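For reference, the chains in residue letters:
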Amino acid sequence: GAVVSQHPSWVICKSGTSVKIECRSLDFQATTMFWYRQFPKQSLMLMATSNEGSKATYEQGVEKDKFLINHASLTLSTLTVTSAHPEDSSFYICSAELPGSGNTIYFGEGSWLTVV
Amino acid sequence: GDSVTQMEGPVTLSEEAFLTINCTYTATGYPSLFWYVQYPGEGLQLLLKATKADDKGSNKGFEATYRKETTSFHLEKGSVQVSDSAVYFCALTQNQAGTALIFGKGTTLSVSS
Chain A
1 GAVVSQHPSW
11 VICKSGTSVK
21 IECRSLDFQA
31 TTMFWYRQFP
41 KQSLMLMATS
51 NEGSKATYEQ
61 GVEKDKFLIN
71 HASLTLSTLT
81 VTSAHPEDSS
91 FYICSAELPG
101 SGNTIYFGEG
111 SWLTVV
Chain B
117 GDSVTQMEGP
127 VTLSEEAFLT
137 INCTYTATGY
147 PSLFWYVQYP
157 GEGLQLLLKA
167 TKADDKGSNK
177 GFEATYRKET
187 TSFHLEKGSV
197 QVSDSAVYFC
207 ALTQNQAGTA
217 LIFGKGTTLS
227 VSS
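Chains as they are written, first to last, in the working numbering: chain A, 1 to 116; chain B, 117 to 229.
Hints are not guaranteed to be accurate.
[Claimed, not checked] Under the rule of at most 30 angstroms between Cα atoms (straight-line distance), these lysine-lysine pairs were calculated in the DSSO-like manner:
hint : chain 1 : residue 1 : chain 2 : residue 2
1    : B       : K221      : A       : K55
2    : B       : K176      : B       : K221
3    : A       : K41       : B       : K221
4    : A       : K41       : B       : K176
5    : B       : K193      : A       : K41
6    : B       : K172      : B       : K184
7    : B       : K172      : A       : K55
8    : B       : K184      : B       : K168
9    : B       : K221      : A       : K66
10   : A       : K20       : B       : K221
11   : B       : K172      : A       : K41
12   : B       : K165      : B       : K176
13   : A       : K64       : B       : K172
[To be verified] Negatives, chain A to chain B, calculated, CB over 12 angstroms:
hint : residue
14   : V11
15   : G16
16   : N51
17   : G61
18   : S73
19   : P86
Because the hints were derived from the structure by calculation, they are not lab data. The structure displayed is predicted, hence computed values, not measured ones. Where a beta carbon is used, it is the ideal one built from N, C-alpha and C, also for glycine.
Okay, chain A solo, but in the shape it has when bound (with noise of 0.2 angstroms):
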């Protein structure tokens, strides 16, 4: 079946620098892919809707300019944490949405962030 996939699982960084976190489509082309996060033992939260080929549509009270988000091929959108503070610590997921399916959509696995 459809696999979303994302990388790194784990990272730690230290606080100030900034990271990338990959997810990608496996085995479809993706033109929508949405971006959560989830703090522990809570509920995920969306931080924003990433559309091929254009801006990504970030929801209230996300930091668009902390939270970089480019989606520049059907497969591939990454979420970059720029100048990361220990608060970004968090569990972020990735998912995307199976083109023509009726709103199928597919989870990655989730990256851990940890800020030190």
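Since the structure of chain A is already known, use the hints to place chain B on it.
Below, chain B alone, put in the same frame as chain A:
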């Protein structure tokens, strides 16, 4: 806007007990409804879904029925196993391309032998 409300957890059961996790939603039109499961340290896996009223989604012994009259999509399983211990999320989406899933807060299920 659209929203999903799940029963508060954690839910603690003995093996072979009956499980119900309540989920209600608020949405315009006719959304699709989903249950996702998240095992410790992992991403989300689709458990089941229903796309229209009175549909019953089922998978791995779990089932849920789309009840439009009560705006509910309660998750049930007749006999839980230790391996069912996980966090369960109820979610909805409007049936439009490019529309994200909206999740409930999640319910933690712990099953002991």
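Right, here's what the structure says about each hint:
| no. | hint | in the structure |
| --- | --- | --- |
| 1 | B:K221 / A:K55 | holds, 29 angstroms |
| 2 | B:K176 / B:K221 | holds, 22 angstroms |
| 3 | A:K41 / B:K221 | holds, 9 angstroms |
| 4 | A:K41 / B:K176 | holds, 24 angstroms |
| 5 | B:K193 / A:K41 | holds, 23 angstroms |
| 6 | B:K172 / B:K184 | holds, 12 angstroms |
| 7 | B:K172 / A:K55 | violated, 38 angstroms |
| 8 | B:K184 / B:K168 | holds, 8 angstroms |
| 9 | B:K221 / A:K66 | holds, 25 angstroms |
| 10 | A:K20 / B:K221 | holds, 27 angstroms |
| 11 | B:K172 / A:K41 | holds, 28 angstroms |
| 12 | B:K165 / B:K176 | holds, 13 angstroms |
| 13 | A:K64 / B:K172 | violated, 39 angstroms |
| 14 | V11 | holds, 15 angstroms |
| 15 | G16 | holds, 27 angstroms |
| 16 | N51 | violated, 7 angstroms |
| 17 | G61 | holds, 14 angstroms |
| 18 | S73 | holds, 17 angstroms |
| 19 | P86 | holds, 20 angstroms |
The earlier numbered hints that this structure contradicts are 7, 13, 16.
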